[in-house]
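Top to bottom, those sequences are chains A and B.
In terms of our numbering, the first sequence opens at residue 1 and continues consecutively.
In terms of our numbering, the second sequence opens at residue 1 and continues consecutively.
Mixed in with the good hints, there may be bad ones.
Below, simulated PhoX-like cross-link-like pairs (lysine-lysine); rule was C-alpha separation at most 25 angstroms, straight line [unchecked claim]:
| # | chain 1 | residue 1 | chain 2 | residue 2 |
| --- | --- | --- | --- | --- |
| 1 | B | Lys427 | A | Lys197 |
| 2 | A | Lys199 | B | Lys429 |
| 3 | B | Lys429 | A | Lys201 |
| 4 | A | Lys391 | B | Lys382 |
| 5 | B | Lys167 | B | Lys382 |
| 6 | B | Lys427 | A | Lys199 |
| 7 | B | Lys50 | A | Lys391 |
The following residues of chain B were derived to be distant from chain A, with all beta-carbon distances above 10 angstroms [unchecked claim]:
| # | residue |
| --- | --- |
| 8 | Arg204 |
| 9 | Ser232 |
| 10 | Arg234 |
Reference listing, derived: stretches of chain B covered by chain A, where coverage requires no fewer than 3 residues with Cβ under 8 angstroms from a Cβ of chain A [said to hold, decoys possible]:
| # | segment |
| --- | --- |
| 11 | 195 to 202 |
| 12 | 407 to 419 |
For the record, the hints were derived by calculation from the structure and aren't laboratory data.
Nothing here was measured: the structure is a model prediction, and the numbers come from that model.
Glycine residues also receive a C-beta, built at the ideal position from the N, C-alpha and C atoms.
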Amino acid sequence: MKMSTSRIILTTIFALSILAISAQQISKPTYGPVLLKGATIYTVTEGIIEGDVLIEENLITQVGQDLDGGDALVIDCNGKRIYPGFMDSGCKIGLAEIGAVSLTQDFNELGSFTPHMKALTAVNPSSVHIPITRVNGVLTAFTIPAGGLFPGQGALINMHGYTPESMSAGFEGHLLNWPSSGRRHRWDRRTDEEINKDKEKALKKLNEFWQSVFAYANISSPEGYKPQLETLKDVAKGKAKLLVEVNKKGDILDAITWVNENEVDAIFTGVAEGWRVADSLAKYEIPVITGPILDNPSRDSDRYDTPYTNAGKMAKAGVLVAIRTNESDNVRNLPFNAAFAANYGMGVETAVEAITINPAKIFGVDDQLGSIEEGKQANLFVCDGDPFEMKTRITHVFINGYNIPIESRQTLLYDEFLERDPGLNIKD
Amino acid sequence: MIQTTQHKTWIGLMATLLIILTMTHNIQGQEMGDVLIKNGTVITIEDGVKENTDVLIRDGKIEQIGEGISIRDIKTIDADGKYVMPGIIDAHSHLGLDAVNEATNPVTAEVWVGDALNPYDVGLYRALAGGVTTAHAMHGSANAIGGQCETIKHRWGEMNPERWRMKDAPRTIKFALGENPMRVHGERNNVAPRTRMGMEQEFRRSFAAAKEYKKEKLIASSNKNSQRPEYSLRLETLADILDGNVIIHCHSYRADEILMLMKVLEDYGVEDICFQHVNEGFKVAPELAEFGATASVFSDWWAYKFEVYYSTAYNATILTRNGVITSINSDSRELIRHLYHEAAKTQRYGDLTDNEALRLITINPAIQLGIEDRVGSIKIGKDGDIAIFENHPLSVYATPVYTIVDGVVRFNINEDPNDVRVDIDPKEKVPAFYESHIHDHELEGCMQGTELSTHSH
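Just chain A, with the same shape it has in the complex:
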């Protein structure tokens, strides 16, 4: 009797210790049909509907009232809202783990012309950043290399998967950093003449390189291994998109001329001074990925709220606008970036589009992502209020049909340390 009691105690201690260990691990996502019942559905493309969403395998199979889910797991969403997963259209997630530890930074290869570098190659599916990001409703991100003129190809990835390929959300795109006539940052001490000279030099290099890309693209059977040229062939032929990072007014206008002359299918990114040339961007139908919104103005002479209002001003002029964080550590702040744009002129509806359907359109994946529609991928989340508001709780997340636990290392640390045990002065 005594024996068995101590055995029970021992077993309990053992079981608890296992629990304590597993508390440091994020639970495994589950898979299987789910019926989300009685929600307010923000479809983005088809208005706001009161009703149910049925998820089967990786897809949204039905959206409507009083759906019969059969054996599906039913989740009561009464009083809750459903949104399509938010999409960050420019960041470093999966490529950058710890800022000051250079060997955990995989986004900046040596050289100015590295278009053959593929972000998807270096995406770390186990990055601690990924769960931290998705519990805020950011379920898809365009993660990008940086540095030089042609830093490589960004990859659109979902915030769940065990291999980069399984995380891929169906788009990769080449990047070009437009030669800037601005200062790099506040501590750039070059004279105006030096800046201009550097820009002209970079432009010359760009044009020479582009000539060789163009020539290569038009040879029927090129010889030798030329990965830099090979990878840009489709861009040169106008069959693939080129994302052009350009921010300053004059540079934006120059870049418009360049993409028109070279018949490049361009997306502009950054576009900090888009508000100054919004009509030109609209006229040439160049879609824009802008952000962060929570940013400082580009010039000391600018109004304090310039970065808050930029996205809204471009949208009003008729530009197709998506919002990005451009972050490596806090991609989770995408909804709040959109919220500031919303509050400073863009409006909530357009701001939601700027982090859902608009980037999906820009990346050409709007047949699969960006809205709650039958046949689209089940990338969505459930929350108990306006997802932009801080007090709102996100209660369920689905990525590609996987039911994702609302956990991250940061929530686990909260669970462990809110009431630390042992607390103060515990002695044996």
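Fit chain B to the known structure of chain A by using the hints.
Leaving out everything else, chain B in the frame of chain A:
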């Protein structure tokens, strides 16, 4: 010829007179204003939220809080439908400083950022446009014991640095633990400290020297035969810390180093400390509370270096719930513009009440700077520092519309001049365009001026 000389003398006289006048004006202090804020929802912080309430500020001080206050011939702001809260306080800023780091020695207690105030920094106006009225302008984190800091009021438009100081605010000094001082001195200059072990000994060595200095001074004052120690501003400052006359604000991240410094301070009887950043404060929250140390944290910054990899955005909530007086700071010319939003994050990451969340950017940082009797709440007799918002300040749709310092409206959204610069370079054709602001984050913070300023808050 004679006339010219006379002319010169006259100009010289006028100039002298002007200097004297300016100086007298300085001594007299800052501009104080009168303003009546009508019918707002007044978030007092220490005395609840009062609907349809007026706040009267006269001669820079809050004189009356109540309903239906009526005064003739006073500047009046209609706050109907708006939220009136105390001016926001940032316990960690580097705005308005021409120099941040004296990164030449692991101990530089003798320097003072107050010698390098720059009232022309546009960032200061942008902070005002985010409701921030008071900031702790800090020395950087290059040294174990850095320089002394300055508590400033955002009196944008005042050209004289003297008028930016918050008169009578307690003295504060910057300490720093962990990677930053280890990189600057140990890795780059090959002098100790290179490890967290070495960090501890820097503090022990410095405090021991200050104790000895104090003792020698005391002996010299009572004994004519013994010699006064050679004057050292560094040791004077350290001795002032031992005497409890300077509040320590210590850049810190990891739990172990936080515990280490508390132990050292305990050994020397020093009590007044605010840990800055303190990303792992949540791990030792009970110890911080027991010591009486306070914490000034980021809302959600993490992963920019190894020592902040094991962070959680729930830090402020855990600290608060464990009884640690906590504030949320910016350390950034970007974040300082929306500290109300940063405070609101504690309602996403945790469940702080509205008042608990707003305390993080008002009365709590005031306590940490020792100025809680002057600012941080709307209370009769306190400074007339107010931020007025369209929508609740913790809503993501909050818009600061007026910011008032000492009763003077320093930001008004309806009269915001597009270009606020006051130090325009006459040779400049167009204002400079800065490509990257993400880099601003990395370059501007605690490590400014150390040539190691990437990712280094």
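Here is how each hint holds up against the structure:
For the hint pairing Lys427 of chain B with Lys197 of chain A, the CA-to-CA distance comes to about 19 angstroms; that is within 25 angstroms, so the pair holds. Distance check on the hinted pair: Lys199 of chain A and Lys429 of chain B sit about 18 angstroms apart at the alpha-carbon level, within 25 angstroms; holds. Taking the CA atoms of Lys429 of chain B and Lys201 of chain A, the gap is about 22 angstroms. The hint holds against a cut of 25 angstroms. About 31 angstroms separates the Cα atoms of Lys391 of chain A and Lys382 of chain B, which puts this hinted pair outside 25 angstroms; it is violated.
A threshold of 25 angstroms between alpha carbons decides the hint, and for Lys167 of chain B with Lys382 of chain B the separation of about 14 angstroms falls inside it, so the pair holds. For the hint pairing Lys427 of chain B with Lys199 of chain A, the CA-to-CA distance comes to about 21 angstroms; that is within 25 angstroms, so the pair holds. A hinted pair counts as satisfied when its Cα atoms are at most 25 angstroms apart, and Lys50 of chain B with Lys391 of chain A qualifies at roughly 22 angstroms. Even its closest Cβ contact with chain A, about 24 angstroms, leaves Arg204 of chain B beyond 10 angstroms, as expected for a residue assigned away from the interface.
Distance check for Ser232 of chain B against chain A: the nearest CB is about 34 angstroms away, which clears 10 angstroms, and the non-interface claim stands. At the 10 angstroms boundary, the C-beta of Arg234 of chain B stays outside the reach of chain A, the nearest C-beta of that chain being 29 angstroms off. Remark: the segment 195 to 202 of chain B is not confirmed as covered by chain A, as 0 of its residues place a Cβ nearer than 8 angstroms to a Cβ of that chain, below the required three. Counting residues of the segment 407 to 419 of chain B whose CB lies closer than 8 angstroms to any CB of chain A gives 3, which reaches the minimum of 3, so the coverage claim holds.
Hint violations for this structure: numbers 4 and 11, all remaining hints satisfied.
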